[in-house]
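For the protein sequence lines, the chains are A and B, in the order given. When we follow this note's numbering, the leftmost residue of the first sequence carries the number 1048, and every step to the right adds one. When we follow this note's numbering, the leftmost residue of the second sequence carries the number 1048, and every step to the right adds one.
Worth flagging that the hints you see were computed from the coordinates, not collected in a lab. Hints are supplied without guarantee of correctness; some may be wrong.
No copy is singled out in the list; a pair is fine if it fits within one copy or between any two copies.
[As the list claims (entries may be wrong)] Simulated pairs of lysine-lysine, BS3-like, Cα-Cα distance not exceeding 30 Å:
no.	residue 1	residue 2
1	K1243	K1354
2	K1243	K1117
3	K1072	K1354
4	K1243	K1357
5	K1326	K1117
6	K1104	K1121
7	K1247	K1354
8	K1165	K1354
9	K1072	K1168
10	K1357	K1147
11	K1147	K1247
12	K1168	K1354
The chain contents come next:
Number of protein chains: 2
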Amino acid sequence: MNQRTEDIDVLVSEVGPRDGLQNAKGIMPTEDKLKWIETEAAAGVLEIEVGSFVPPKLIPGMADTGDVVKGALKVEGITVLALVPNLRGAENAFKAGAHKVTIPISVSEPHSISNVRKNHKEMIEEVRKICELRDSYPEGKRPHVETGLATAFGCSIQGVVDEFEVMRMAEAAVEAGVDEVGLADTVGYANPNQVKRVFKSTRAAIGNKLGSAHFHNTMGLGLANVLAALEVDVRTFDASLGGLGGCPFAPGASGNIVTEDLVFLLESQGLRTGIDIEKLMAVREIVTAALPDDQIYGHVLLAGLPKGFKAAAA
Amino acid sequence: MNQRTEDIDVLVSEVGPRDGLQNAKGIMPTEDKLKWIETEAAAGVLEIEVGSFVPPKLIPGMADTGDVVKGALKVEGITVLALVPNLRGAENAFKAGAHKVTIPISVSEPHSISNVRKNHKEMIEEVRKICELRDSYPEGKRPHVETGLATAFGCSIQGVVDEFEVMRMAEAAVEAGVDEVGLADTVGYANPNQVKRVFKSTRAAIGNKLGSAHFHNTMGLGLANVLAALEVDVRTFDASLGGLGGCPFAPGASGNIVTEDLVFLLESQGLRTGIDIEKLMAVREIVTAALPDDQIYGHVLLAGLPKGFKAAAA
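Bound-form chain A, shown alone (with noise of 0.2 Å):
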């Protein structure tokens, strides 16, 4: 998607201005998410989930989201990226010039019909459009499509979710003509051994389109799933600035991983990220000021780095 992905080890995904501000109180105007989508940029985050197609009455947060993908794409270096649930969807983030859209499946039947009133052969079917619309552009000017897969790690309805039945999702996806295949824990649910088994069983069956983690932080094992998953050479994980969007304090809390302690793990490991800690721990400012009643966190934020801590070598 861009030049500079040669020059890390690990491409971090940023969600927050979707995933982090779909579930804050507060409703960001749409200057304040274009200062943090370029301030993160200035610290090196190469892909960034700038908002989601979804009706405006449904969230009224994302209602920019068509100006927020315009104003993004002249950020320099970015890859961006934005949810849709549905044709529509795609349509709309098409037509503002999106690089990558993400649809999300749940790998749970029961989890698709209550969030999304469709089960997986419509998913699926939906996908199938979308892909066919993707090629209805010419070479060089194509859109990448991305599913994710949701409750590929278990679901709070459904409980234990199969690991074949992420395979076959995915292999679904593949043959309705996807670009890459992502896995979520959406509940939280993951552990360090299944995140192994699940996604080297989902590599054996559609190879190289086996994309990013994303991995919440609700039973406290978001970063060790990441070193799990870093074992069977997972290389994009999603995460959120501050942790937006889910707090961990509360009963139920579903937050995404931390961006800054992802990003600290990943380097203390060696593994270059492309990012200035520093810098990206700097943007918290623009979030606490446009969120005032939403609260960040994360653990490096708190605690500051080590005394002597050093990155990657660039």
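Put chain B on the given structure of chain A with help from the hints.
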């Protein structure tokens, strides 16, 4: 130390009644400490650090440690462990009947001098005297002597701590006569690669005298570090119930990893701890009732166990 350890894969050593209470705001009455210890033992915890033999005027909350040790000795099946900073403390611990004592030695000499006003040579001399005292007990009644190497992964005064210095101090402690050497990430600087490296090199130096891992969650890496330590065959971990004694929400937070979260991680990895996690989670009620001004936390505690969660087979 006890019979049941053969039925488990990993030993969880509860440090809350010592490390947690030593850093808590409130002072817990002796009877509540004993209720805590009994109830946690009934949940299956096999080793508990019940207090420290330090001057009461320095830490008033530990003034009753002699009585706590005596009471804890009546609880069946647990190893009763106490921290001792010096020979005087060890004399008191042995007199009270503690099964095991742990002596902290800072690998960072500036930290040692700042904390206990002793340099390395003086600390090792103190350890030697404690081991001589141990040897004056008849075999079979001889307490177990552990050294915990503090700041083994970094120090907030000195910064980086050389891993060869960790090996050297471990060798010196073994040469002075200790039965076991644990490694402690006192200030929460450790990262997973470092954990693997330092435990492996220390094992190369002292073989099976290498004991427990004591991690803090300061940077959010506590459980990732546990995962790394498991990969290099560490099988004893310290943790504090409800993270007592260190609040991760405050700047400079430095709390121990949370016992409930540790047990959840281990059991999710198929590693038997012998601990009933639901009974363990219920122990918090005793702690919160006795310490109304202290906050306890933990991810599993807040989120609850995942739907369909299965512990490792007994």
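Verification of the supplied hints:
1. K1243 x K1354: Between copies only: 21 Å across, 33 Å inside.
2. K1243 x K1117: neither (37 Å within a copy, 46 Å between copies)
3. K1072 x K1354: between (35 Å within a copy, 27 Å between copies)
4. K1243 x K1357: Both: 28 Å inside a copy, 18 Å across copies.
5. K1326 x K1117: Intra 24 Å, inter 54 Å, cutoff 30 Å: intra-copy only.
6. K1104 x K1121: within (28 Å within a copy, 64 Å between copies)
7. K1247 x K1354: between (37 Å within a copy, 24 Å between copies)
8. K1165 x K1354: Cα proximity of K1165 and K1354: across copies only (23 Å, versus 51 Å in one copy).
9. K1072 x K1168: neither (34 Å within a copy, 57 Å between copies)
10. K1357 x K1147: For K1357 and K1147, neither the intra-copy (33 Å) nor the inter-copy (38 Å) Cα distance is at most 30 Å.
11. K1147 x K1247: Result: close within a single copy only, 25 Å intra versus 44 Å inter.
12. K1168 x K1354: between (53 Å within a copy, 26 Å between copies)
Comparing the model with each earlier hint shows violations of hints 2, 9, 10; every other hint is respected.
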